[in-house]
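Novice: Since each chain comes alone in its own frame, lean on the hints to assemble the complex.
The chain contents come next:
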Amino acid sequence: MARTDDDIIVCRCEDVSLGEIRRAIAEGATTLDEIRRITRAGMGPCQGRTCRLLIASELARKTGKQVGEILPSTFRPPMKPVTMGSLAELGEEEDR
Amino acid sequence: MRRTADAVVIGGGVIGAAIAYNLLKLGMKDVVLCEKATFCSGSTGRCGAGVREQWGSKGNCLLAKASIDMFERLADELDYPHDLEFKQKGYLILAHTEKEWTQFQKNVALQNSLGIRSRLCTPEEAREIVPALNTEGMLGATYNARDGHANPFHVTRAYLTAAERMGADINYFTEVTAIQVSGGKVKAAVTNKGTIEAPIVINAAGPWAKPVAEMVGVDLPLFTQRHQILVTEPVGWILDPMVMSFSIGIYCQQTPHGSLIMGIGDPHEPKGYDIGHSWQFLRDMSRIITRLLPVLKDVRVVRQWSGLYTVTPDAHPILGGVPGLDGYLQAVGFSGHGFMLAPAVGRIIAEMALGMEPFLDVSNLDAGRFERGEYNVEPSVV
Numbered sequence: 080m081a082r083t084d085d086d087i088i089v090c091r092c093e094d095v096s097l098g099e100i101r102r103a104i105a106e107g108a109t110t111l112d113e114i115r116r117i118t119r120a121g122m123g124p125c126q127g128r129t130c131r132l133l134i135a136s137e138l139a140r141k142t143g144k145q146v147g148e149i150l151p152s153t154f155r156p157p158m159k160p161v162t163m164g165s166l167a168e169l170g171e172e173e174d175r
Numbered sequence: 054m055r056r057t058a059d060a061v062v063i064g065g066g067v068i069g070a071a072i073a074y075n076l077l078k079l080g081m082k083d084v085v086l087c088e089k090a091t092f093c094s095g096s097t098g099r100c101g102a103g104v105r106e107q108w109g110s111k112g113n114c115l116l117a118k119a120s121i122d123m124f125e126r127l128a129d130e131l132d133y134p135h136d137l138e139f140k141q142k143g144y145l146i147l148a149h150t151e152k153e154w155t156q157f158q159k160n161v162a163l164q165n166s167l168g169i170r171s172r173l174c175t176p177e178e179a180r181e182i183v184p185a186l187n188t189e190g191m192l193g194a195t196y197n198a199r200d201g202h203a204n205p206f207h208v209t210r211a212y213l214t215a216a217e218r219m220g221a222d223i224n225y226f227t228e229v230t231a232i233q234v235s236g237g238k239v240k241a242a243v244t245n246k247g248t249i250e251a252p253i254v255i256n257a258a259g260p261w262a263k264p265v266a267e268m269v270g271v272d273l274p275l276f277t278q279r280h281q282i283l284v285t286e287p288v289g290w291i292l293d294p295m296v297m298s299f300s301i302g303i304y305c306q307q308t309p310h311g312s313l314i315m316g317i318g319d320p321h322e323p324k325g326y327d328i329g330h331s332w333q334f335l336r337d338m339s340r341i342i343t344r345l346l347p348v349l350k351d352v353r354v355v356r357q358w359s360g361l362y363t364v365t366p367d368a369h370p371i372l373g374g375v376p377g378l379d380g381y382l383q384a385v386g387f388s389g390h391g392f393m394l395a396p397a398v399g400r401i402i403a404e405m406a407l408g409m410e411p412f413l414d415v416s417n418l419d420a421g422r423f424e425r426g427e428y429n430v431e432p433s434v435v
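Top line first, the protein sequences correspond to chains A and B. 80 is the number of the first residue of the first sequence in our numbering; add one for each residue after it. 54 is the number of the first residue of the second sequence in our numbering; add one for each residue after it.
Hints were generated in silico from the structure; no laboratory data involved. Note that beta-carbon positions come from the ideal geometry of N, C-alpha and C, so glycine has one too. No false leads were slipped in.
Computed beta-carbon distance windows for the label pairs: (1) Arg91/A with Ser416/B: 52 to 58 Å; (2) Gln233/B with Gly170/A: 53 to 59 Å; (3) Glu181/B with Lys144/A: 51 to 57 Å; (4) Glu177/B with Arg82/A: 53 to 59 Å; (5) Glu267/B with Arg82/A: 52 to 58 Å; (6) Leu133/A with Leu173/B: 50 to 56 Å.
PhoX-like, lysine-lysine: derived pairs with alpha carbons at most 25 Å apart: (7) Lys141/A with Lys246/B; (8) Lys141/A with Lys89/B; (9) Lys140/B with Lys111/B; (10) Lys144/A with Lys89/B; (11) Lys144/A with Lys246/B; (12) Lys350/B with Lys159/A; (13) Lys111/B with Lys152/B.
Bound-form chain B, shown alone (with noise of 0.2 Å):
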C-alpha cells in the first residue's frame, strides 16, 4: 500500500469505486482506495440491483437521469470483460391508493419536465406491459421504459479494475481508523496497515458513514436499518419491468440471469447493524407477491439475505465538503438508492475534489440542509 496519495477513498462499494475512477478519469495521479473486507460487502452486494428515473423529487430524478445515461455507456467506458447485466425494461410502479394515485400525477408531471418519459397508466394499460399482473384494487400505474437492472457486482468491479488499470491502488482488507486534521486541513488516513497522507479523503463508506465522519468530528443525521430481500431460481421469462408498490412496500424484477429478486420494506424494521434474516420475511413477501403476480407459486426461492440502507431525513443522499474542514468530502446516506446514482455521484465528488464545478448542481445536498430545514422527503422510496 502506497503511503502518499493525492486522495484516498474510503470504502469499495459503488460509490467509492465510481468516485475512485473518476478522480484518476478528470486527471488525478494518486489514488488510493481502502475498503475493511472486499468490493461490495457492505450495501451494494447486497441491494435490489435496480436503476430508475422515477423519482418524486428534482435532486433524486437528476441524478438518476444523468446515471442512466451513463450506464449506457458504462460497459465500454471501463472496457469490462464481463456483462454488466444492464437491462431497460422499465420499471412499473404500482398506486393501490387515492394518496399515492395524487402523488404520482405530480410526479410524472415533475419527471416529464426534467426530460424524463415516464408516463401514467391505467390498470389494463399495466396488465399489457405485464401480462402476469394481478391488477385487482390498482387505480393506475406509472411506467418508465429507461429504468431497468445492472448487476451491482459486476459495475462495481468494471469501475475498481478501470481505475486500478489508470493507477489507482486499491486495498481491501484495509480498515480506515483515523483521519488526521491539523488546522482545518484533513493530512492523512490511518489504517490497520499504515498510514497514508493525502490532503484529501472522501468517506463512501456505505453503512458505516457515521463513525467515519465521527473521526473527523462531523456528526451525520444517519441511521441505518436492515431490508430484507430474496432470489428465486432461474426461470423461463415472467415480467420485463421492476414492479414496485411503495403502499404495499415492495419491489419484484427479473433478472437477466432469469431469476427473481424481490424485497419489502419494513416501516417497523429497528435501527441498526443486524443483517441476520428472518423466516417471516419469505412468508410475507411470499403471501404479498404471489397476490400480484400469482404465476409466482410454482417459483422457488434459493436464497433469502439482507442489508443495511443507510438513511437520511430526507431519503436524499449528503453529499460534498463540510465547512471549516479542508480536504474531506462525503457521498453518504443514499437511503436504499445508492446503487443506481452511483454513474453521477462518482463524477461530481470526483470533480469537487479537484476543485471543479460539479455537472450537476448539488449545493442542496449538503450536510448543512438538515440545520437550515431546506429539505423535503423523497416520497417514491420502499
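For reference, chain A alone in the conformation it holds in the complex (with noise of 0.2 Å):
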C-alpha cells in the first residue's frame, strides 16, 4: 500500500501519526487541548515542544483559522523530565 502523508509521525514522543490528527479534527475536535486528550499527541517526555506547531498548524488548515487563533494548551513544569531522585533532593528553602 502506498504511504500517504497521513502516515507521517506528528509527535514522536507518543508515535502519533498525521492521520490520526486528522481523525481527531474530523471528530470535531477544535482546540490542542482536545486533540493532546484523545491522541496522546504532545503528552510524552517532550511536552508538545516538537508537535504542538504542527498540529496547530494542522487545526488552523483544518478549521480555517490562523495559527494565532488556536488555543495554546498549558506549559507546566519540569521544562525538561527530570528523575524523582533528584526532585527528593531540592532544598528546603522557600517552603510552603
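Specialist: Here you go:
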C-alpha cells in the first residue's frame, strides 16, 4: 500500500501520526487540548515542543483559522524530564 | 444549538456526559449539553484516574460498586473506538497509624457486608502484591482486586459520542449564564449563545456548581481546593495496583500506558480556584514516594499539573433536586472522587429526571442533609 502523509509521525514521543490528528479534527476537535486528550500527542517527554506547532498548523488549515487563533495548551513544569531522586533532594528554602 | 429541549445538562465533564447519555438511553428525546470550554476541561481531565470500591461509608461504597459494574461493560455499551484503558489491578491502601488500622478493619467489614471483596493484608502480604513497596513502619493494608484505573478523557468522550449518536446536542464554549424560573418551575437555560427553553436543567458543573446553583437561588455548602498531581515518563512494569495512604495523603498508580500518575492531598491548601503549580509539590511528592517505592528514584517526571476538588462537609456528593423548585437537579460536590462514581450517578440522575425510582436509593445524599444534621464524614479520602 502506498504511504501517504497520513503516515507521517507528528508526535514522536507518543508515536502519533498525522492521520490520527486529522481523524480527531474530523471528529470535532478544535483545540490542542482536545487533540492531546484524544491522541496523547504532546503528552510525552518533550511535552509537545516538536508537535505543538505542526498540530496547530493542521488545526488552522482544517478549521480555516489563523495559527495564532488556535487555543494553546497550558505549559507546565518541569521544562525537561527530571528524576524523582533529584527532585527529592531539592532544598528546604521557600517552604510552603 | 437547539432552542428547546426536554433537558439541559450543564457541564461537559464525566458527570454531565454520563447524565446526558443515560437520559437518552432511558428514552428522553431532546437533550442539550452546554460546556463552557471543551470536554473534560474542569476536574475530570485533571483527576488521578483511579476507580475503587474501598470506601468508608455505605453510600460511597454502593455508588462505587455499581459504577465498577458499569465500567466493566462500558466500552461495549458505548461502542467507542478507542481503548478506555480500564484496568482492574486493585488498590492497596496502606495503614501506618493505629487509628487508620482500626478504621480499615471497620471499612473492610462494611465493604464485605455490601458484597465488596476487599481484605486486610499484613505488610508481608502487601509486599507480595507490590514487591517494590517499602513496608517499614507499616501496620498493614487493605486490598481489593476489583479496583483500578480508567482513562478519564476517553470515558467522558465515549459517553458524549454515544449521546451524540442518540441525538444529543453537545455544545462546547457555551456557558450557561442564567437559569429562568417561574412559579417554582424551571423554564429555560440562558447561555452566551442564546436561550434554550427546557423544563429540566441539571447542574453538573463540577467546580462551578456553586455559582450555577446560585442562579436558581440555591446556596450549596461547597468549596473548591487545588490538588496537585504529576505524571512520569512511561516505564516498564513497576506495580499493579494503586498504592494509597490517607495518613500520608498520597496516591500513586501505574497506568496501562506505563506512566505513573501520583498526587498529594495538602491540608494547608487554601480554598479557591487556583490551578497553578508549585515546585514544592514536585519535591514533597518525590520525597514521599521514593521512600515508599524507592525504585521510582530513577523515573523521570514529565509534567505536573493541578485540578480542583469540589468539597462537601461530608465528602459525599450532593445528588437530586431541591424542594420547591420543579425541574432543577444537581450532581455536585464529588469531593475528589467524581470520576469513579460517574457511571452510577449518570443513571440515577437520569432516572430522577424522568420521574423514575433511582436504582440505588440516594435520598440521604440530598442537599438538605446538612441543615438536618444527618450526615457522616467519609474517612477514606486523600
